[in-house]
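Those protein sequence lines, which keep their order, are chains G and X. Our numbering puts the first residue of the first sequence at -10, with every later residue one more than the last. Our numbering puts the first residue of the second sequence at 27, with every later residue one more than the last.
Treat the hints with care, as some may be off.
Computed cross-link-like contacts, DSSO-like style, restricted to lysine-lysine with a CA-CA straight-line distance of at most 27 Å [unchecked claim]:
#	chain 1	residue 1	chain 2	residue 2
1	X	83	X	136
2	X	62	G	13
3	X	124	G	57
4	X	96	X	85
5	X	124	G	67
6	X	77	X	62
7	G	57	G	13
8	X	95	X	77
9	X	96	X	83
10	X	62	X	83
11	X	124	G	13
12	X	85	X	62
If you are wondering where the hints come from, they were derived from the structure by calculation, not from laboratory data. From a predicted model like this one, the values you see are computed outputs, not experimental measurements.
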Amino acid sequence: DAGVIQSPRHEVTEMGQEVTLRCKPISGHNSLFWYRQTMMRGLELLIYFNNNVPIDDSGMPEDRFSAKMPNASFSTLKIQPSEPRDSAVYFCASSPDPRGIVSDTQYFGPGTRLTVL
Amino acid sequence: GQQVMQIPQYQHVQEGEDFTTYCNSSTTLSNIQWYKQRPGGHPVFLIQLVKSGEVKKQKRLTFQFGEAKKNSSLHITATQTTDVGTYFCALDYNQGGKLIFGQGTELSVKP
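For reference, chain X alone in the conformation it holds in the complex (with noise of 0.2 Å):
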């Protein structure tokens, strides 16, 4: 079966600084989302990657699709208070609409 592995499981970092989370697929994927969840919060939607190689920026947030289609990162630049959370991977392996959710990096920040 297909086995995700997403990484750090924590984070804490000083504001100002950088962070990164990593999500590793043992398979190939279709596609990748990526979701952020307050704490006490529901998951919201991120971004969606589909070609290999890809690579889509949003403001500070930077998000990587791998070559292979296993992997990809989440990569935050100058991180600021307001990107406290819980990040989640969600793996599409083409099973007809479903999404299996990595373990989640959950990232705090100091002021």
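Chain G extracted, bound-state conformation (with noise of 0.2 Å):
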């Protein structure tokens, strides 16, 4: 099994250039989360999706932050404008939880790094 892939590994962009992060989730995985992680903040829940469909994007910073899941194996973290305070790791984790219910592990894609001069 391949694991959670992200792409790109490393993003360094300027401000106010658009961003688009990629997650490919573990195949047979419905739970798909995106989080980011920062020295300050921690590891801060964005959004996450059960079979495709968002669940809950409280996190989601604000309006310049989107994500999309057109399918199962796909999911896309946007912003627009980017700004220097949106540097940080971004994550994407897939579960196996088929019911969106419970709680169940979660498996970790190596991250994207972004920088915004």
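Using the hints, put the two standalone chains together into the complex.
Structure representation (structure tokens):
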């Protein structure tokens, strides 16, 4: 099993540019999570999907952030326009949880390190 | 809302010493998970605790869940340099698959 795949692994961009982060969950997993990790705020849940449907987006910082899951094997997190304070490591995680009710083990991808200049 | 506190934030130990990190919640939990993140890496699942008062062991690691299901601890006996990393508790408040991660305890081990 390839595990959760994220791309790109590193992204450096200038303020105001659009950034798109990509995630391929583990095949067969029904839940997908996007997290942001910074020294100041730790590991924050941004949004999660169950069976491709957004369940909770209360952690999305503001309208500049959007996430989609068009099918079971792909999700994107987009930031438009990006700002220096968006610099962080963004993790995608997936979980087998078939019902979206109880928490299950989450398998994290390697993360995307985003730097906004 | 739910409040989670994980302490200490940092712990520096000599190899062979023991280590403990604590996780406390303001409200009762459905269950709790523990993850380890190596420097430069990603969080990796260690264990899940579900029952009140539950104790689980993995080699030198001992995990406990409080009787009131509001707190948990991770204890490492005789630390090794391979134990270096940040240990996170992840709390389930029965909110449909969502986990709230603690602030993490960063462990460094001096050989």
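Now the hints, each set against the structure:
{"no.": "1", "hint": "X:83 / X:136", "in the structure": "24 Å, holds"}
{"no.": "2", "hint": "X:62 / G:13", "in the structure": "22 Å, holds"}
{"no.": "3", "hint": "X:124 / G:57", "in the structure": "18 Å, holds"}
{"no.": "4", "hint": "X:96 / X:85", "in the structure": "25 Å, holds"}
{"no.": "5", "hint": "X:124 / G:67", "in the structure": "21 Å, holds"}
{"no.": "6", "hint": "X:77 / X:62", "in the structure": "21 Å, holds"}
{"no.": "7", "hint": "G:57 / G:13", "in the structure": "12 Å, holds"}
{"no.": "8", "hint": "X:95 / X:77", "in the structure": "8 Å, holds"}
{"no.": "9", "hint": "X:96 / X:83", "in the structure": "20 Å, holds"}
{"no.": "10", "hint": "X:62 / X:83", "in the structure": "15 Å, holds"}
{"no.": "11", "hint": "X:124 / G:13", "in the structure": "19 Å, holds"}
{"no.": "12", "hint": "X:85 / X:62", "in the structure": "15 Å, holds"}
Checked against the numbered hints above, the structure violates none of them.
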